[in-house]
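Its first residue numbered 31, the sequence shown is counted upward by one per residue in the working numbering.
Since the hints were made in silico from the structure, they are not lab data.
Computed from a predicted model, the values in this text were never measured in an experiment.
Ideal placement from N, C-alpha and C gives every residue a C-beta, glycine not left out.
Do not rely on the hints blindly, as some may be mistaken.
Unchecked claim - In silico BS3-like pairs for lysine-lysine, Cα to Cα no more than 30 Å straight-line:
hint	residue 1	residue 2
1	Lys146	Lys114
2	Lys163	Lys114
3	Lys146	Lys163
To be verified - Derived Cβ-Cβ restraints for the label pairs, each shown as a range:
hint	residue 1	residue 2	range
4	Gly103	Pro211	31 to 37 Å
5	Pro211	Thr102	36 to 42 Å
6	Gly116	Ser188	15 to 21 Å
7	Gly124	Ser188	24 to 30 Å
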Amino acid sequence: MEASMKRAAAGPRKVTPTARSGQQGARYRQPSRWLVGVALLAMVGCKQQGGTAPKREGQTARLTPRTVPYLTGVAVPSGFSMNKRGSDTRESGGVRFARHEYAGYADPHAIQEFYKEQMPLMGWREISAQEVKGRISIRFESGNEECTVMIEPIVFFSRTEIQVIVNPFNRNPSEPPPRRPMP
Numbered sequence: 031m032e033a034s035m036k037r038a039a040a041g042p043r044k045v046t047p048t049a050r051s052g053q054q055g056a057r058y059r060q061p062s063r064w065l066v067g068v069a070l071l072a073m074v075g076c077k078q079q080g081g082t083a084p085k086r087e088g089q090t091a092r093l094t095p096r097t098v099p100y101l102t103g104v105a106v107p108s109g110f111s112m113n114k115r116g117s118d119t120r121e122s123g124g125v126r127f128a129r130h131e132y133a134g135y136a137d138p139h140a141i142q143e144f145y146k147e148q149m150p151l152m153g154w155r156e157i158s159a160q161e162v163k164g165r166i167s168i169r170f171e172s173g174n175e176e177c178t179v180m181i182e183p184i185v186f187f188s189r190t191e192i193q194v195i196v197n198p199f200n201r202n203p204s205e206p207p208p209r210r211p212m213p
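Just need the whole structure built from these sequences, with the hints factored in.
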């Protein structure tokens, strides 16, 4: 008993290599400092949420818009970056087609509230909203354009992806969309 107390007070114990392992030198039974540091950085990195204002208990975080949007007239939460490979924009004769993808760290419902708040400030009117299997879709109209915002949580590092699609339409905004005949 006395020998084990002396060993505990002496610090980490060296483990001698066995002939079977073929390792040279001594190993310690305590994790190295760099491993602990990397683990702490990973934990802190996973908790980051860009562009959020302080939240009250029981509420989702309130997001703030980027100062310069990627697409004119369409808000994007600050802290979200554009995926250039998944985005394209075409404009000709005052008509534009755009599909932009953004990725960042925020709660999907906070992003939904962000768009419901910010898009009317930019002249868009909400037409519909739905949530199916965790994917949120909101549709807006403005003048002769429609904008569909799709919000999808990604399991990897709690990221959220936003897809914004802007298309023109050829009808009077007050008219209902044409219906297809039933077969």
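How the hints compare with the structure:
1. Note on Lys146 and Lys114: the hinted pairing holds, with a Cα-Cα distance of about 25 Å set against a maximum of 30 Å.
2. A distance of roughly 27 Å separates the Cα atoms of Lys163 and Lys114; the hinted pair therefore holds under the 30 Å criterion.
3. For a cut-off of 30 Å, the pair hint linking Lys146 to Lys163 stands: about 20 Å separates their Cα positions.
4. The hinted range of 31 to 37 Å is satisfied by Gly103 and Pro211, whose Cβ atoms lie roughly 35 Å apart.
5. Between Pro211 and Thr102 the CB atoms are about 38 Å apart, so this pair conforms to the stated range of 36 to 42 Å.
6. Checked against the hint of 15 to 21 Å, the pair Gly116 and Ser188 passes, with Cβ atoms roughly 20 Å apart.
7. For Gly124 and Ser188, the hinted distance range of 24 to 30 Å is not satisfied, since their beta carbons lie about 40 Å from each other.
Checked against the numbered hints above, the structure violates only hint 7.
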